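Novice: Chain by chain, the residues run as shown.
Protein chains: 2
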Amino acid sequence: MTPADSGPEGTRPPPTRRRPGGRTARIRQQVLDAVVAELGEHGYDGLTTDAVAARAGVHRATVYRRWGDVGGLLADVLDAASDDDWQPPDTGSLESDLAALNQEIYAALTAQPPIMAALIAASFRSEKAAQAQQRLWEDRYARCEIIVSRAVRHGELPPRTDARQLLIAATAPLYHQLVLLRATPDPQLPGHAARTAALAAAAGSFAEPPSARDA
Amino acid sequence: MTPADSGPEGTRPPPTRRRPGGRTARIRQQVLDAVVAELGEHGYDGLTTDAVAARAGVHRATVYRRWGDVGGLLADVLDAASDDDWQPPDTGSLESDLAALNQEIYAALTAQPPIMAALIAASFRSEKAAQAQQRLWEDRYARCEIIVSRAVRHGELPPRTDARQLLIAATAPLYHQLVLLRATPDPQLPGHAARTAALAAAAGSFAEPPSARDA
Chain R
1 MTPADSGPEG TRPPPTRRRP GGRTARIRQQ VLDAVVAELG EHGYDGLTTD AVAARAGVHR
61 ATVYRRWGDV GGLLADVLDA ASDDDWQPPD TGSLESDLAA LNQEIYAALT AQPPIMAALI
121 AASFRSEKAA QAQQRLWEDR YARCEIIVSR AVRHGELPPR TDARQLLIAA TAPLYHQLVL
181 LRATPDPQLP GHAARTAALA AAAGSFAEPP SARDA
Chain W
216 MTPADSGPEG TRPPPTRRRP GGRTARIRQQ VLDAVVAELG EHGYDGLTTD AVAARAGVHR
276 ATVYRRWGDV GGLLADVLDA ASDDDWQPPD TGSLESDLAA LNQEIYAALT AQPPIMAALI
336 AASFRSEKAA QAQQRLWEDR YARCEIIVSR AVRHGELPPR TDARQLLIAA TAPLYHQLVL
396 LRATPDPQLP GHAARTAALA AAAGSFAEPP SARDA
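Which chain is which? The protein sequence lines are R and W, in order. Note that our numbering has the first sequence beginning at 1, numbered continuously upward. Note that our numbering has the second sequence beginning at 216, numbered continuously upward.
Treat the hints as calculated values from the structure; they're not laboratory data. Being a predicted model, the structure only gives us computed values, none of them experimental. Cβ coordinates follow ideal geometry from the N, Cα and C atoms, glycine included. Please note that a few of the clues may not be correct.
Okay, the calculated beta carbon distance ranges per label pair [unchecked claim]:
#1 W:R281 to R:D90: 19 to 25 angstroms
#2 W:G258 to R:G92: 24 to 30 angstroms
#3 W:T263 to R:R55: 32 to 38 angstroms
#4 R:V152 to W:R281: 58 to 64 angstroms
#5 W:G258 to R:E41: 24 to 30 angstroms
So the derived list for chain W, only partly shown, Cβ under 7 angstroms to chain R, looks like this [claimed, not checked]:
#6 L262
#7 A332
#8 A336
#9 R350
#10 W352
#11 Y390
#12 A415
#13 S420
Counterexamples of contact, computed for chain R against chain W with all Cβ distances above 12 angstroms [as the list claims (entries may be wrong)]:
#14 R26
#15 Q30
#16 H59
#17 G68
#18 S82
#19 G155
#20 P159
#21 R164
In isolation and in its complexed conformation, chain R is listed as follows (with noise of 0.2 angstroms):
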């Protein structure tokens, strides 16, 4: 749901994200924090393969030769975000644990300099960067699956119940409001997004309709 470095600050120390693999992986990771402060100055529309090699340190033929173009480097920053061990918060309930995650993605959407904001702008420009887009966010809501597995677990919620689409509905307000609509930022969004979601969960909004062979 959120791209390699947008969780709450502080939670991860940076080293962690460098990961073994010699002068291909430092380059790599180079170049993409290139891209991401690139991307955070000067948005899209200012962002060039040859900004990225100078930023970076690294021979421009490198950078065409690996990634080919802007889209290229983008679709490798939002690849190189599921490669991390995010998971979901986990603090005892369905609610709070959907507000936790909703905090994470307002946090994100709202940060400065607006780097998940650039990057879902580029996927509308880029159509390789709006499928690594749709690559992290399927993992993202993949991993978040278990907020709901714990729910079930804890009795909060029935066995069959869709946990992409109580994800979903819990998550979406945020979305919309900060990246169609705009709006401005309001702290209260993530909470209330995710009540709303437990309200309706609770309500049976996402149970499935048992299988043909539980009739």
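Once you've looked at the hints, dock chain W against the given chain R.
Specialist: This is chain W only, laid out in the frame that chain R set:
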């Protein structure tokens, strides 16, 4: 919530979109129709003022003078979309009103050619288009508040209900799934998102706390 002609097909005959006003109004309509057609065929990247002028049969100087650039053309398409008599569906209950509204949004977001999706994408490219898209959404959400006030009048909801939050909760999953996540369209989605919002509303999720006056 929907651009000018994105309501269910055939509910309004096209001639009602043409307002009296003579040559200036007629030229505007020709140009805006051409923008929509070009956008549908070629997307934002293929949209040029010259192509719009040619398609509309209008001199290019007229287009430059009146609309300036592609952003100005898109902004006027979006502004013109509010200049109609659209009202949200009135079906007799909160959930079915929201479901009918969501059906309209779903139809617009999955239409071919994808005009609404292209306009939303364009709002990530042009600041003028972004501001006009915001104005259009504001107009549509304001008009939809009558859905909530009717439900209050019928005793379905408490008098102090946050209409906007309820409408955002009902509609956000469609935009999130279809515009951002680019999920395969699921015909169950409009009804399900409506039902989720209605269940949360019935559970008190959008009830505003009593104001100081009532204390």
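Novice: Look at each hint and say if it fits the structure.
Specialist: Now for the hints, and whether the structure bears them out:
1. W:R281 to R:D90: 19 to 25 angstroms: violated (58 angstroms)
2. W:G258 to R:G92: 24 to 30 angstroms: violated (47 angstroms)
3. W:T263 to R:R55: 32 to 38 angstroms: holds (33 angstroms)
4. R:V152 to W:R281: 58 to 64 angstroms: holds (59 angstroms)
5. W:G258 to R:E41: 24 to 30 angstroms: holds (28 angstroms)
6. L262: violated (14 angstroms)
7. A332: Hint on A332 (chain W): violated, closest Cβ of chain R at ~10 angstroms, above 7 angstroms.
8. A336: Holds, because the Cβ-Cβ distance from A336 (chain W) to chain R comes to roughly 4 angstroms (cut-off 7 angstroms).
9. R350: With Cβ-Cβ at 11 angstroms, over 7 angstroms, it is violated.
10. W352: Holds, about 6 angstroms.
11. Y390: holds (5 angstroms)
12. A415: Result: holds, 4 angstroms to nearest chain R Cβ.
13. S420: Result: holds, 4 angstroms to nearest chain R Cβ.
14. R26: Fine: 33 angstroms to the nearest Cβ keeps R26 (chain R) off the interface.
15. Q30: holds (28 angstroms)
16. H59: holds (30 angstroms)
17. G68: holds (18 angstroms)
18. S82: S82 (chain R) clear of chain W: closest Cβ-Cβ about 15 angstroms, beyond 12 angstroms.
19. G155: holds (18 angstroms)
20. P159: With a cut-off of 12 angstroms, P159 (chain R) remains clear of chain W, as the shortest Cβ separation is near 19 angstroms.
21. R164: Contrary to the label, R164 (chain R) does not stay out of reach of chain W, its closest Cβ about 10 angstroms off (not over 12 angstroms).
Hints 1, 2, 6, 7, 9, 21, counting from the list given before, are not met by this structure.
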